[in-house]
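Novice: On the provided structure of chain A, position chain B as indicated by the hints.
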Amino acid sequence: MTPQPKPATRVPMREQKASERIHNFSEVPLGYSPEEAMREAQRCLQCKKPLCVEGCPVNVKIPEFIKLIVAGEFSEAARTIKETNALPAVCGRVCPQETQCEEKCILGKKASAIQVGHLERFCADWERENGPFILPAIKPKNNKKIGVVGSGPAGLTTAGELIKEGFEVTIFEALHEPGGVLVYGIPEFRLPKEIVRKEIDYLLKLGVVLEKNFIVGKTATIDELMREEGYDAMFVGSGAGLPSFMNIPGENGIGVYSANEYLTRSNLMKAFKNDADTPLIKGKRVVTVGGGNVAMDSARTAIRLGAEKSMIVYRRTEAEMPARTAEVHHAKDEGIEFHLLCNPVAVLADESGFVRAIRCIRMELGAPDDSARRRPVPVNNSDFEIECDVVIIAIGNNPNPLIPRTTPDIQVTRRGTIVAGEEDGRTSKKFVYAGGDIVTGAATVILAMGAGKIAARSIMEDLS
Amino acid sequence: MSTILKKERLSESIWRYRVLAPRIAKKRLAGQFVIVRPCSTSERIPLTIANADAREGWIEIIFQVVGKSTMLLGALSQGDELCDIAGPLGKPTHIEKFGRCVCIGGGVGIAPLFPIICALHQAGNNVTSILGARSAALLMLEEEIMAHSNRLFIATDDGSKGTKGFVSDVFKSCGKSGDIFDFAVVIGPAIMMKITSALTLAAGIKTFVSLNPIMIDGTGMCGGCRISVGGETKFACVDGPEFDASKVDWDELLKRLRSYKTFESAAREKHACKVAGAQ
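If you're matching them up, the sequences are chains A and B in order. The first sequence begins at 1 in our numbering and counts up by one. The second sequence begins at 465 in our numbering and counts up by one.
One chain only, chain B, in its complex shape:
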């Protein structure tokens, strides 16, 4: 069924899995996601479809090992089967010929940004990609993204690659050197999206972000992924995950993302102990 065809390490804690999922591969469009469960007691993990091949019937997911569920997912091997995979979910990205696009990705947010870069590039846009990570070792998809971008800039917090600093700094210097953009997509950690989209919006650029709230079913059934957009409650799973950055209530999203912090660290420690104990 949903066999892992290929397992590949992209950086120290980030994995790329190629998974057999012919139906999803056939239907998916840029911006859509799947729900994955590595085993029968797992949470439902929402992950963006980073790439797909309808003819060969596979999709690719990219994830960072951060908690117990992603640890379990990361522990699977090539040839293993995922317990569950469902999709494609969410609304696809609205792609058209905007003109000059800037695509800004931070950390693991580069994964969902990748299919959007490809789609924008294919639609005839001039694409400038700005990628950032804490260090060079955590950076991913650089070559693939280069192949679909007209220009590529890199920023790392520690300066181990590209500009030392944040993607927002790179965007600012683009502005200083006279670059003009018609459309921006910003994807990454919520705080990075909040800060960076404030800059793109201030520069008068129509900006979209892809939100990553806590989610369960992914089909609109629970409302756990609700966020305030333009003063209205929206469900990221069915109304999004992409929204107009100028309308997002970032502070509420940032708070809601912290709902289960204590549970998450407890589960991670307990699981890490069990793994260590078993070895």
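Pulled out of the complex, with its shape left as it was, chain A reads as follows:
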């Protein structure tokens, strides 16, 4: 019998139309139907030496789970993913697969790579909606107590790994909702909060304890938790939670937000809904400064909140933008205007302090800099103004200083990130581990998860 020909073209995921979605906060991609998922899964070559698995920071068993989709065993496929990835519904949505698993896919060399992310999302959604819900095997309690600082992707992963191994795990979260950046940062239309909540519920069902409103460093320090409360080890995944500003005149005007504040008001505090008490200046003409995913999230949130014009100002060109291509496309489809090769030099306000415009200068690309991207250089006398009433600064975050400031014997870099081994997550302090943005500076969800996993492995080794 001749094998079935593999279709060369990808099965696209249906999306909400741009004209509709700019008026709501519902998710943009609508997910696969079982038929669509099976059709996409059938394209997989089932390589003997799967390069995709190497491309994944948590080494999801990609060919195995795809094979189960072909066989129609969707929940089984989800459980296969969960063996190495505690948050598949999140990763299927926000991982940059195009530079990881999908980049390595052999199919991609000739036609187009298999859409691992879409399939991962499909399995996780299927299992969540249809079950059966089967808890994984949990080893007997080993009477070792682990504290996890922060309930973002790094912390959740570490907790998920350790609870299965029989550790007692408590997650300390500073805010009133768990999830870290998944909840305060990434907007509803890219990652519905209900999904994050379900993924966290899953960990709680496995026995993880969550302490909300607990600011490690303030409510209790790492030393106090270890010395007085019996924690055998601590994992720090406190994130890159200190927004950078540009230090230009007028930046403290009314209507200038860090992306963190703008998104926190909208996402965590629910300012996008009408019944929330936290206010947000919604803005008719909104300028977002930056070219990463957070900038795209901000600009796209602004348009959904009713901005007549939502604009991105970025100092390099589209080729250098750190945002995922898919996010840039989504933004463009939604009518976001891109002002490239320009850099803000001042924010201008009216007499009451409310923003009225942003003054920019044109840039051109010079020689490559440390990041191997061509360095933008200002063009003389090229100032111009863009009229606007809200400015969102999305140029990155610094590591949160609370832990380093209150844990004197933990070694930090000059940038304020915690020094931790890339291969083991160990810090300079015994039995204290770290991972995610607090170590790398602002990066991706999956890299934080990878670091959480590595640290969990070291904790198991060191405490055995």
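Hints listed in this document are in silico derivations from the structure and should not be mistaken for laboratory results. All C-beta atoms, glycine included, are put in the ideal place defined by N, C-alpha and C. One or more of the hints may lead you astray.
[Stated by the list, open to error] Per the computed footprint, the stretches of chain A lying under chain B, defined by three or more beta-carbons under 8 Å from a beta-carbon of chain B, are: (1) 21-35; (2) 131-143; (3) 162-176; (4) 235-246; (5) 277-285.
[Stated by the list, open to error] Here are the simulated BS3-like pairs of lysine-lysine, each with C-alpha atoms no more than 27 Å apart in a straight line: (6) B:K555 x A:K212; (7) A:K145 x A:K49; (8) A:K17 x A:K282; (9) B:K734 x A:K270; (10) B:K555 x A:K429; (11) A:K282 x B:K698; (12) B:K738 x B:K725; (13) B:K471 x B:K711; (14) B:K725 x A:K145; (15) B:K491 x A:K270; (16) B:K491 x A:K284.
Specialist: Showing chain B alone in chain A's frame:
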């Protein structure tokens, strides 16, 4: 969990809640604050810890009902639980033996001033407290503060108690009668801090103020509470809330405090209507 153990009215719109919060009570120092949410749709409200007992595991917060969120908070009863309370946040006040201290509090700013008065007094300072309010009915903590001060002066705008006028007037008359101070703390509405600290600074007194900008998370994550101090942007939640008064850009703070004025009055009216409608 965070049960309200005692609810007490201090003046017509000011409440004092004693809240069960053993961890915060154990750690807190003068000058620190908590973030409170009365219910699950509420804003995060920053409030100074006015008092605490580590042994009994409670802290006290004092707030004035001014907008929807504080209305909701004020509507809770003894025995109710707060939806959320987190802390202690901010840097504690730097306490040492300065010598002669003057502590000046206006309106609801008397609440955050109280623990600082206690700490300064306990550290062996000679404390002169000057408290002001619009009228006698709005004045609070008079007796408690008297117990921790060497001298106490009162000023009310309408003259219903103490000197008729402002705390700044009382400070000026202290100066005229030859009082000398080594250290000053001024806490109250931003405009009162601006005017009063200008006087203490002019008298050559090292002066600290506790700023109350708009805040969300309280942990440095959003930058909403940023202010200019000595030409640099600082976050009141992690770098403060106390700052050297001589370096604060008051006009910027005053402007930023007005960011949500229209939202606030709309929310307050809508909520007041709903409450009236339900009755």
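Novice: All the hints need checking, so say for each whether the structure fits it.
Specialist: Status of the hints after comparison with the structure:
no.: 1; hint: 21-35; result: violated (count 0)
no.: 2; hint: 131-143; result: violated (count 0)
no.: 3; hint: 162-176; result: holds (count 3)
no.: 4; hint: 235-246; result: holds (count 4)
no.: 5; hint: 277-285; result: holds (count 4)
no.: 6; hint: B:K555 x A:K212; result: holds, 21 Å
no.: 7; hint: A:K145 x A:K49; result: violated, 38 Å
no.: 8; hint: A:K17 x A:K282; result: holds, 23 Å
no.: 9; hint: B:K734 x A:K270; result: holds, 18 Å
no.: 10; hint: B:K555 x A:K429; result: holds, 24 Å
no.: 11; hint: A:K282 x B:K698; result: holds, 25 Å
no.: 12; hint: B:K738 x B:K725; result: holds, 20 Å
no.: 13; hint: B:K471 x B:K711; result: violated, 38 Å
no.: 14; hint: B:K725 x A:K145; result: violated, 48 Å
no.: 15; hint: B:K491 x A:K270; result: violated, 31 Å
no.: 16; hint: B:K491 x A:K284; result: violated, 45 Å
Hints 1, 2, 7, 13, 14, 15, 16 from the list above are not met by this structure, while the remaining hints are.
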